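There are 2 protein chains.
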Amino acid sequence: MNSVEDASDCRQDFPSSRLDGTRLWKRLQDLATIGATLEGGVDRPALSPAETAARRRVIAWASELETTVSVDLAGNLLFCLEGSDPHLPAVLTGSYLDSQPDGGKYSGAYGMVAAIEALAAIAVTRRRHRRSIVAICWMNGEGSRFVPGYMGSEAFAGLRQIAELLACEDASGVKLADELAAVLAAQGPLPTTTVGFPALAYVETHLEQGPVLEQQNKQIGIVSGVQGVRRFRIQVLGEAAHIGTTLTPHRRDALRSTVKIIAALDQFFSAPDMGFAVSQLRVKPNAPSIVPQEATFSLAIRHRENRILTRMGDTIRLICESEKGLCNFIMKELASTPAVTFSPVVPEAIEIASRRLGLESMPILSLGGHDAQSLHHRCPSGIIFIPCRLGISHNSAEAIEPAHAEAGAKVLADVLFQLARS
Amino acid sequence: MNSVEDASDCRQDFPSSRLDGTRLWKRLQDLATIGATLEGGVDRPALSPAETAARRRVIAWASELETTVSVDLAGNLLFCLEGSDPHLPAVLTGSYLDSQPDGGKYSGAYGMVAAIEALAAIAVTRRRHRRSIVAICWMNGEGSRFVPGYMGSEAFAGLRQIAELLACEDASGVKLADELAAVLAAQGPLPTTTVGFPALAYVETHLEQGPVLEQQNKQIGIVSGVQGVRRFRIQVLGEAAHIGTTLTPHRRDALRSTVKIIAALDQFFSAPDMGFAVSQLRVKPNAPSIVPQEATFSLAIRHRENRILTRMGDTIRLICESEKGLCNFIMKELASTPAVTFSPVVPEAIEIASRRLGLESMPILSLGGHDAQSLHHRCPSGIIFIPCRLGISHNSAEAIEPAHAEAGAKVLADVLFQLARS
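Note that the protein sequences, when read in sequence, are chains W and L. Going by our numbering, the first residue of the first sequence is number 1, and it counts up by one from there. Going by our numbering, the first residue of the second sequence is number 423, and it counts up by one from there.
Hints listed in this document are in silico derivations from the structure and should not be mistaken for laboratory results. You may find that some hints are simply not true.
Claimed, not checked - For lysine-lysine, the following DSS-like pairs were computed, each having C-alpha atoms within a straight-line distance of at most 27 Å:
| no. | chain 1 | residue 1 | chain 2 | residue 2 |
| --- | --- | --- | --- | --- |
| 1 | W | K175 | W | K324 |
| 2 | L | K597 | W | K324 |
| 3 | L | K448 | W | K284 |
| 4 | L | K706 | W | K175 |
| 5 | W | K175 | L | K754 |
| 6 | L | K754 | W | K284 |
| 7 | W | K324 | L | K706 |
Since this is a predicted model, take the numbers as computed values, not measurements.
Given the sequences, and given the hints that come with them, work out the whole structure.
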């Protein structure tokens, strides 16, 4: 994979030359009709009927190729394009089909359609590849219905026990195990495999979800690593009382303490390189004349350095302690995904492929999390970013350009092919 | 009603001497089984099956007396003990049977049972009363299901249009008109009357819902007036985005702006005589990885002086404006109940009756709202307070003493009787 080998390749026989950008865009718009929202986005909770329908659509597309389709015990769908030496560790790509509630139509879906189109392009390339290439549809990428996300990829990478994910429940108490069983039944009969197998490398494509590539006028982002994230849930416990007759100094007002805690955390986490957000808050009993008895909020902090993430995260408890007033609190860390710096194997392959295709690329740090963070613990991994209009994501207004979508898929096809030949 | 007339009364013939305190306590405990919660309180939303069952129980008790039972078009139940001159303006008492969610078993219920027992005691008194005495069960006293409260009493006092209340919806979109129709059907056939009629005076009994009487070791609080309250709903509008990739300065985070607004309001309304509380807050989409797009909270401010309430309330908009950051907001005033100072007629009658019964009393300002605030606009009104254990109310731990419950009902019986003889 040095430039000498690169120059010796026959340019027109790279799979990028066979990639069907028109069909890719058509399929993206087709997927977007499944779980479509009035606002122009999609709502496809993990393991919902909508996500199942999207899975069936992708299975149908993959079945037109010479791939074998299977599902593993964590609910990950596997589309395998066999190499001439299938016993060698495989080359992987992947994405997901669930969405944020009222999310955009490209997060996840783009990576999945790009993977299928890359496989299709590779399948019709005259040159052979030794290693098998496997496109994976990860179970629960977003983590908005079942918390946290990356469940399928974490199970694949051996970072999470299957039993633990199966026991997980959504907000209305529905067990993941039950929903997964329903999805497997609805998907149609597929061979079932154990979770995880030897892999040479993992490459994923995604829109940037930030504004940098667009602002810098680059077509490809070569992701160097991903910020780490720690997610916490804090439950503040007060006491119900009459809001009129119970004077403020005597109230154990869970919402009032929560506001003080969040305001203090917001100030503490104000450094420009520190990601901090409170995205969820629920109040009980949430009645007009009762002092809030309980307020539960969840927060995420992000940073590129695990050392800082550890230290800052551990300060949260102290801030809650100092701002809780007359209330008590219970704090739980829901998930901790360390920051990752990808080994150079995949980023270098992305750079070479981009250059060969005449695409402008730049290295970039991913601020949002990706399944590649899980795979990084299993094999050299990386992510291909394409520009995202105005950096808007997790919003129905999320948008990408057809030309960028095609360019990203071409880079993916060539990178997968090149790695599979190694 | 001067002390000469008072001294000339035949002490043993006051209805207080006939009041059955044991039955009063038994009936209170009986009512508390309707909609009982595991925590020892009650959950009886206005116009729910539980409240209807409580209404039927009270109708059954009243039917054992020589009262006529009717219902008005606002859903208020009327129990009338006819006087010898029923064309004179009547003397009124009243309370309500709905509760806060997981509320206490004495708020509302105590006033209602005390009213029925006072009527029972008056009915067996040998001396006659000229004016009719009417005990009213007000529709939607608490205002926790249908916002705001005091709907029945406000309609009675001509402060609110019937059509307006009938159109009101609860949080799940159920119309008050539909629920009221169901309640009227379930209550059994009763004569229906128009809303409101001439009244000489209105007296209500309630537990204090604060700690003052207990701390001062008084049995009776003579309520001099009620704090005013203004209720607002503020909807903060931001934009959904990825919480990891959208940096804080670019986020239009509705929850973050809301926290800043509430913290600033909390500081602004910190004067000891100012009541301020945020009791409800809802976040949308309330998902782990999406910047909150919308946060809606409701707040109430209270003060004894309408001038201050007006001025302070009008400042809320300015504070929202200064703290909203990149978000917008929509503010709506849900209800405004002015502060009230009762005319001396009823408070003086309460004082005389308390003294005659050898009970320790004190004047007190009510910090919480009561239906007497509505009636004040119709006729001289007042409230008899009894002590409330530790001042705890709007909580399943709400508690009163049997002796206090009996004392309050005795004062009520004598006051109603005395007024009805005038």
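Results for each hint:
At most 27 Å may separate the alpha-carbon atoms for a hinted pair to count; K175 of chain W and K324 of chain W exceed this at roughly 33 Å. With a C-alpha separation of about 39 Å, the suggested pair K597 of chain L and K324 of chain W falls outside the 27 Å cut-off, and the hint is violated. The hinted pair formed by K448 of chain L and K284 of chain W fails the criterion: a straight-line CA distance of about 32 Å is larger than 27 Å. In summary, the hint linking K706 of chain L to K175 of chain W is supported, as the alpha carbons are separated by about 24 Å, within the 27 Å threshold.
As the CA atoms of K175 of chain W and K754 of chain L are separated by approximately 40 Å, the hinted pair breaks the 27 Å bound. Our distance criterion of 27 Å between C-alpha atoms is met by K754 of chain L and K284 of chain W, whose separation comes to about 22 Å. Distance hint between K324 of chain W and K706 of chain L is fulfilled; the C-alpha atoms sit about 25 Å from each other, no more than 27 Å.
When the structure is compared with the earlier hints, violations turn up for hints 1, 2, 3, 5 and for no others.
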